Amino acid sequence: MHNSEGLKLENKNDNSGVEVLKQRYEVSADDFASAGAASAAVKKTLKQLGFSPDFIRRTSIAMYEGEINMVIHGGGGVAEVGISENQVTITLTDEGPGIADINLAMKEGFSTASDTVREMGFGAGMGLPNIKKQSDNLSLISEVGKGTTLVITIAT
Amino acid sequence: MKLAQVMEVLNAKVYTDVPFEDIEINAACGADLMSDALAFGENKGLLLTGLNNPQSVRTAEMMDIRCVIIVRGKEPDEALVKLANEKEIVIMKTDYSMYTSCGLLYAAGLRGGDE
Ligand SMILES: Nc1ncnc2c1ncn2[C@@H]1O[C@H](COP(=O)(O)OP(=O)(O)OP(=O)(O)O)[C@@H](O)[C@H]1O
Ligand SMILES: [Mg+2]
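Protein sequences appear in the order of chains A and B.
Position in the first sequence counted from 1, then plus 6, gives you my numbering.
Position in the second sequence counted from 1, then plus 1, gives you my numbering.
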């Protein structure tokens, strides 16, 4: 797992002049107990940067749901986080089985989770709808057999 | 309601080293599936659950929940307690079922915050 060294927003310039702190985390599907560690690390960073509790909670919940989905459905993947003064962008990419019907997956209560996953505390079909609720913009791109990319943007 | 009273009402045992007696809880939620808690547990200080693995603590951490109570007398998982100590989240265990636990706390005045 990679963490950024400094906790100041730095000018990783793309000419826009917007200061962004970038973080990248590898999310493994092998160790369920440690799932959520990337979201916990991001939460800690946001706290240290002094964002509001409400913004931090919305970001943490959305990222955690996305991270868990990568673990239980996507076979693990990569989480990339970009933090600027007025928004956070979380990009979750996996090379798992993909989602056949995205509209269905976005519905409250729809889940393909197995009984085993349910015994581990997930599979209510509430994750994606909640990510949508907590975020200001959501993009879900998926191809069956190739993988899934979820981009979540949350404004302060 | 203070966590000291929650402990008394549920005849609960505490597993963490986190100081807890004076932590004030305004509302509680009960869920075995964490995404239910993540969707409906907003502004609740307390989570009652049968889920005995570290994800109940992760969920509490994301939601700023101060205390997780494992119901039905399950002995809390070691990794769960360790993570809770790190995150300063209080872990208790009660022998009562989910239904009875929620009912006892409700009767003692701790509401769900959704009425
Ligand atoms: N990264 C992913 N890869 C493949 N399928 C996914 C992925 N994320 C979600 N899905 C599919 O979309 C469905 C709905 O996802 P959602 O997060 O809403 O619910 P869930 O994960 O099944 O349960 P919950 O989030 O309530 O624990 C999943 O059951 C799964 O079929
Ligand atoms: Mg989910």
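Be aware that one or more of the hints could be misleading.
Calculated cross-link-like contacts (lysine-lysine; reagent style DSSO-like; alpha-carbon spacing at most 30 Å) [what the hints assert, rightly or not]: (1) A:K53 / B:K88; (2) A:K53 / A:K138; (3) A:K113 / A:K152; (4) A:K53 / A:K152; (5) A:K28 / A:K138; (6) A:K139 / B:K75; (7) B:K88 / A:K50; (8) A:K152 / A:K139; (9) A:K113 / B:K3; (10) A:K28 / B:K94; (11) B:K3 / B:K94; (12) A:K53 / B:K75; (13) B:K75 / B:K14; (14) A:K152 / B:K83; (15) A:K113 / A:K138; (16) A:K138 / A:K50; (17) B:K88 / B:K14; (18) A:K152 / B:K94; (19) B:K3 / B:K83; (20) B:K94 / B:K83; (21) B:K3 / B:K75; (22) A:K28 / A:K53; (23) A:K138 / B:K88; (24) B:K94 / A:K113; (25) B:K3 / B:K14; (26) A:K53 / A:K139; (27) B:K14 / B:K94; (28) A:K28 / A:K139.
If the Cβ cut is set under 10 Å, some of the chain A residues that face chain B in the computed set are [as the list claims (entries may be wrong)]: (29) R30; (30) A35; (31) F38; (32) S40; (33) I62; (34) S66; (35) I108; (36) K113; (37) S117; (38) D121; (39) G127; (40) F128.
To be clear, the hints were calculated from the coordinates, so they are not data collected in a lab.
Nothing here was measured: the structure is a model prediction, and the numbers come from that model.
Glycine included, C-beta positions come from ideal geometry on N, C-alpha and C.
Checked hints:
no.	hint	result
1	A:K53 / B:K88	holds (14 Å)
2	A:K53 / A:K138	holds (22 Å)
3	A:K113 / A:K152	holds (22 Å)
4	A:K53 / A:K152	violated (35 Å)
5	A:K28 / A:K138	holds (22 Å)
6	A:K139 / B:K75	violated (33 Å)
7	B:K88 / A:K50	holds (11 Å)
8	A:K152 / A:K139	holds (27 Å)
9	A:K113 / B:K3	violated (38 Å)
10	A:K28 / B:K94	violated (40 Å)
11	B:K3 / B:K94	holds (16 Å)
12	A:K53 / B:K75	violated (33 Å)
13	B:K75 / B:K14	holds (11 Å)
14	A:K152 / B:K83	violated (37 Å)
15	A:K113 / A:K138	holds (11 Å)
16	A:K138 / A:K50	holds (22 Å)
17	B:K88 / B:K14	holds (19 Å)
18	A:K152 / B:K94	violated (43 Å)
19	B:K3 / B:K83	holds (23 Å)
20	B:K94 / B:K83	holds (15 Å)
21	B:K3 / B:K75	holds (23 Å)
22	A:K28 / A:K53	holds (15 Å)
23	A:K138 / B:K88	holds (27 Å)
24	B:K94 / A:K113	violated (34 Å)
25	B:K3 / B:K14	holds (15 Å)
26	A:K53 / A:K139	holds (22 Å)
27	B:K14 / B:K94	holds (5 Å)
28	A:K28 / A:K139	holds (24 Å)
29	R30	violated (20 Å)
30	A35	violated (14 Å)
31	F38	holds (8 Å)
32	S40	holds (8 Å)
33	I62	holds (9 Å)
34	S66	holds (4 Å)
35	I108	violated (18 Å)
36	K113	violated (13 Å)
37	S117	holds (9 Å)
38	D121	violated (12 Å)
39	G127	holds (4 Å)
40	F128	holds (6 Å)
In this structure, the earlier hints numbered 4, 6, 9, 10, 12, 14, 18, 24, 29, 30, 35, 36, 38 are contradicted, and the remaining ones agree with it.
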